[in-house]
Amino acid sequence: MAETHQITAGFMPLLDSAVLVTAKEMGFAAAEGIDLTLVREMSWANIRDRLAVGHFQVAHMLGPMPIACNLGLTPLAVPTIVPMALGQGGNAVTVSNAVWAAMSAHGAEENFDPATTGHALKKVVLERVSQRKPLLRFAVVHPFSGHNYELRYWLAACGIDPSRDIEIVIVPPPLMVDALASGTIDGYCVGEPWSTAAALLGRGHIVTVKAAIWRSSPEKVLGAGALWAEENPEALSALLRALSNAAKWCGDAHNHDDLTRILAEKLYVAQPAGWMLPALRGQLPIGGERTVAVSDFFVPFAKGATFPWKSHALWFYSQMVRWGQVQHTAANAQIARETYRPDLYRAALKPLGIALPVANAKVEGALTAATPVGSSGASLVLGPDGFFDGGLFDPDKLDAYIASQKL
Amino acid sequence: MPAGQKPLSILVIDENHLRASVIEAGLREAGYDDLTIVYDVVGIARRIEKIQPDVIMINLENPNRDMLENMFQLSRAVKRPIAMFVDRSDSASIEAAVEAGVSAYVVDGLKRERVKPVLDMAISRFNAFSRMSRELDEARSELEKRKLVERAKGILMSTRGLSEQQAYVLLRKTAMSQNRKISEIAESLITAAGLLAPPGEEE
Numbered sequence: 001m002a003e004t005h006q007i008t009a010g011f012m013p014l015l016d017s018a019v020l021v022t023a024k025e026m027g028f029a030a031a032e033g034i035d036l037t038l039v040r041e042m043s044w045a046n047i048r049d050r051l052a053v054g055h056f057q058v059a060h061m062l063g064p065m066p067i068a069c070n071l072g073l074t075p076l077a078v079p080t081i082v083p084m085a086l087g088q089g090g091n092a093v094t095v096s097n098a099v100w101a102a103m104s105a106h107g108a109e110e111n112f113d114p115a116t117t118g119h120a121l122k123k124v125v126l127e128r129v130s131q132r133k134p135l136l137r138f139a140v141v142h143p144f145s146g147h148n149y150e151l152r153y154w155l156a157a158c159g160i161d162p163s164r165d166i167e168i169v170i171v172p173p174p175l176m177v178d179a180l181a182s183g184t185i186d187g188y189c190v191g192e193p194w195s196t197a198a199a200l201l202g203r204g205h206i207v208t209v210k211a212a213i214w215r216s217s218p219e220k221v222l223g224a225g226a227l228w229a230e231e232n233p234e235a236l237s238a239l240l241r242a243l244s245n246a247a248k249w250c251g252d253a254h255n256h257d258d259l260t261r262i263l264a265e266k267l268y269v270a271q272p273a274g275w276m277l278p279a280l281r282g283q284l285p286i287g288g289e290r291t292v293a294v295s296d297f298f299v300p301f302a303k304g305a306t307f308p309w310k311s312h313a314l315w316f317y318s319q320m321v322r323w324g325q326v327q328h329t330a331a332n333a334q335i336a337r338e339t340y341r342p343d344l345y346r347a348a349l350k351p352l353g354i355a356l357p358v359a360n361a362k363v364e365g366a367l368t369a370a371t372p373v374g375s376s377g378a379s380l381v382l383g384p385d386g387f388f389d390g391g392l393f394d395p396d397k398l399d400a401y402i403a404s405q406k407l
Numbered sequence: 001m002p003a004g005q006k007p008l009s010i011l012v013i014d015e016n017h018l019r020a021s022v023i024e025a026g027l028r029e030a031g032y033d034d035l036t037i038v039y040d041v042v043g044i045a046r047r048i049e050k051i052q053p054d055v056i057m058i059n060l061e062n063p064n065r066d067m068l069e070n071m072f073q074l075s076r077a078v079k080r081p082i083a084m085f086v087d088r089s090d091s092a093s094i095e096a097a098v099e100a101g102v103s104a105y106v107v108d109g110l111k112r113e114r115v116k117p118v119l120d121m122a123i124s125r126f127n128a129f130s131r132m133s134r135e136l137d138e139a140r141s142e143l144e145k146r147k148l149v150e151r152a153k154g155i156l157m158s159t160r161g162l163s164e165q166q167a168y169v170l171l172r173k174t175a176m177s178q179n180r181k182i183s184e185i186a187e188s189l190i191t192a193a194g195l196l197a198p199p200g201e202e203e
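Residue numbers (this note's numbering), protein chains in the order written: chain A, 1 to 407; chain B, 1 to 203.
Excised from the complex, chain B in its bound form (with noise of 0.2 angstroms):
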């Protein structure tokens, strides 16, 4: 950041907390220190009273951008005007950000070279932060799938009295015969158990 200059204030909305934390470090980093962060919009007006912010961010599954816009061009609270995005032309930087998943309103007059950097952080933040939910879901996923092996490989063991690996073999056949994921099988395997399962005796 220029030296000389008053830093930019930025308030950022964001229900996902832990969204909201990836997103502080990133700006914090990058020099921004004047940040708050709040998860809802409760008493928002107050705040924005209070802080003066010169950007705001708000993420695009929060449903209260509606609200927000109207308390913009209506409330004594915002006493700047307040724009969106950088620069209306800009429409690279408009489209990264509502692909990203982000919006944000800029106080009127702001210069674009300033605003752009903080634009770009929350961008690339977001981007990231989804990435990791991503992976987060699959490797969550693979990690279901194994227990259903186990499961269904526990059933046929007790049941048929099979050894571990006997089991996996004949889960494997039965999926590559049927054309079917192992993991699938595992889930009809154990369905079938529990509603074959004497009373009381299911899990």
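Next up, chain A with everything else stripped away, as it sits in the complex (with noise of 0.2 angstroms):
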């Protein structure tokens, strides 16, 4: 390809970051005319200072991140677009071996059911505060996470006031395992390798995940420079397509043991295979050799697992306002409205002929079962997309949907 576009990205060495180091290590990127380079970080707020001085012109970022950083929520940001997504699910929620016996003894079992495990742990939560005991302490890796999101999501729907019954704190997630081994923490929610780290060492136990949580939900993004990407189209579009390929790479069973060979290299997730083979399958350990199987834990490609929904934007903004970090005004929604970038997505990706959703928005949590949808190119299957709780979230309904999202 006669065009060299340089680009440099970001990324925490996570399982995620999967579809951004294969686009390099598979000659992805290379065959799109891109000499792609990678940074490894060890936060998000480099990740987001980088992209604000121009070091980096995309990153892995947090599904909510580009559009705190738009909102005006966190120190030296940039506008920030998302084009696509990084793929769907992929967090766990795992507790220290003391809270899940003590789960365990109200009724807890092992099958990440969040309603059965979530009411047990209510009950954990209740006998805490009537024995004077301190609350319990959750992690989750920033505040402008789908982490922290689904987390409270799921305890709110289990009569857990997550900002009153628990206490909810940020660690990094390669400090996870150890902070719940030592008992810092008592139980945490992250993306992989984190969980299966811990459920593989015995220092912890997976009580549910992200996926049974709210399925098919959204979690990290491509993260671009506003201006960088208006200014330079071609070199986006081109990425966009050398990362669809990517994924789909990502996606294939066939390349599993391929995957976690690179993810384990030093400049990349830098742990076992083993450790990342399980999310995978999805075959979640939880005990020796014992697992339990989720359907679509951790989506790299199918489904449109790439694609930018806007409604999935807002249900975070939404959650944004639940927690108190913004208020919800209309100009705020329309900020969170407007990151999420789907018309872009379609124009870099129309060229492959793969499934486009014609929708920009849908409504989360109407698909029981998979679905056929309206798409171009390919023929789509979507969802299930339920909430756990039954919940339903229709972007055309925010106001109602903020309003009724109180305790």
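What the hints contain is simulated information worked out from the structure, not anything from laboratory work.
Reference listing, derived: stretches of chain A covered by chain B, where coverage requires no fewer than 3 residues with Cβ under 8 angstroms from a Cβ of chain B:
#1 38-45
#2 62-76
#3 171-178
Okay, derived cross-link-like pairs now, DMTMM-like style, lysine to aspartate or glutamate, Cα gap no bigger than 25 angstroms in a straight line:
#4 K123(A) with E167(A)
#5 K266(A) with E138(B)
#6 K310(A) with E230(A)
#7 K350(A) with D35(A)
#8 K50(B) with E15(B)
#9 K50(B) with E167(A)
#10 K111(B) with E29(B)
#11 K147(B) with E135(B)
#12 K50(B) with D108(B)
#13 K173(B) with E150(B)
#14 K266(A) with E135(B)
#15 K266(A) with E99(B)
#16 K310(A) with E338(A)
#17 K266(A) with E184(B)
#18 K266(A) with E15(B)
#19 K173(B) with E184(B)
#20 K122(A) with E167(A)
#21 K111(B) with D33(B)
#22 K116(B) with E99(B)
#23 K6(B) with E113(B)
#24 K248(A) with E265(A)
#25 K147(B) with E187(B)
#26 K123(A) with E109(A)
#27 K6(B) with E29(B)
#28 K266(A) with E61(B)
#29 K266(A) with E144(B)
#30 K133(A) with D161(A)
#31 K266(A) with D137(B)
#32 K116(B) with E61(B)
#33 K266(A) with E187(B)
Simulated restraints on C-beta separations:
#34 L135(A) with K6(B): 36 to 44 angstroms
#35 R164(A) with G43(B): 21 to 29 angstroms
#36 A45(B) with S376(A): 46 to 54 angstroms
#37 S124(B) with E265(A): 31 to 39 angstroms
Virtual Cβ for every residue (Gly too), placed ideally from N, Cα, C.
Assembling the complex is the task here: the two chains are given apart, and the hints tell you how they should meet.
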């Protein structure tokens, strides 16, 4: 290819950096004329800062982060767009062995069912309150993260007030397992491989997963500097095509051994391949040789998993409002809606002939089974996409949803 | 520092003790005596509550920046709002800081000209420290290479009865003919000698 686009992308060492990493390592970026440089970072704050000062043109980001940047909720933020998602699902909630023992005594089973495990956790929480013990402390990776919102959604739907009945703190993913083992925290919601790692090391117990709390739900995205994207539309389109091809490769089960070998390398996730295979196979460890099967635990490509749904952006926004991070106004909702850019996604990927959703937003939680939907290119099957409590999020009824979600 | 002004209270968080002391020395030389250095973030909320720093500096390799920023936004420990860097519009300073590998959080309302010298000092010390570490790494690898060559010479001297000078010439000639570095040849030779040594004799 004649023209070479120089693109530098920041990423965090997590399983869902897979799409960016394989775009480089498997040659999908080079095939689109992109010289892709990947830089591993130690914090989401670094990713945001380096995007702001122009060291990165694009980055692996938490889905709500670009929205928070555009709403001016974080320091040193520049306008950031989301032209693509980097897969769906991939997180799990893990508790310490002590908390699991208490939950088991209250009827929790090893099935990752959010309703029953949440019910058992509520009893543990109430018991501690009556015994005047300190509140349970859960960790998430960032205040503007899917982890924070799905953990809070699950707890609240099970009758646990996440702002009063427990404490939520921020801990970086690689430090989660040690923090759990040392008793600094009692549980966490994190991306892989950090729940699998705790389970395999016998330091914690997975109680439920993102894919069970809200199936086919958004997680990491490609964040792009809005100015760079505007000035370099061809480079961005080429990158989206490379990432789409990489996502397809990552989603193919035949490639999972190769994928985990690449990710295990020192430059990338730098953790054992055996810690990453369970998530890709949807067989999560619960101690010894035992596993629990999870459908759609982490979906890199199928079911439109890379499509930047505006309804996903608006759901994240609704949670920012719910937990007091931002005030709901029509203008703020508009900023959130415009952060995600399905128009750029469609324009870039049209030549690939893959399935492209016709709509920009959908009612989240409406599909109880896999359902063919309107698409251009190949045919597209979406869902199921249900919230575990039967909740529905209609992005056209945002005000009503926000009003209804008070505890 | 202008007289009559309350000196800035500065908190430096750095898990690298050596770099922390380099920064501490720089700040003290510049007259900033109200300094607290911490090496890890355990109990950091209580420390911040106690010392109420005007400026908090943390290195970019520290994975706890997200935790720290969240604390600034939420915690009751932080009585005054904390913003980032000197001034949002001062992009040159911001870029220099990010490039040097340090980020600074500054209490809201603090005058730019009071914080700028602190940040500049931190940036220059961070850069100096990186340079120093790089030079140290280079010196270390130079020493390692020299040690490899010494060992390879010793092997040649004992196995082939060569003088030290002859052994060196042989290594150098081999390196030249194979277009490789003499330390690489030495390393191969040491590995091969290790493999060929009778059991119990390898180092």
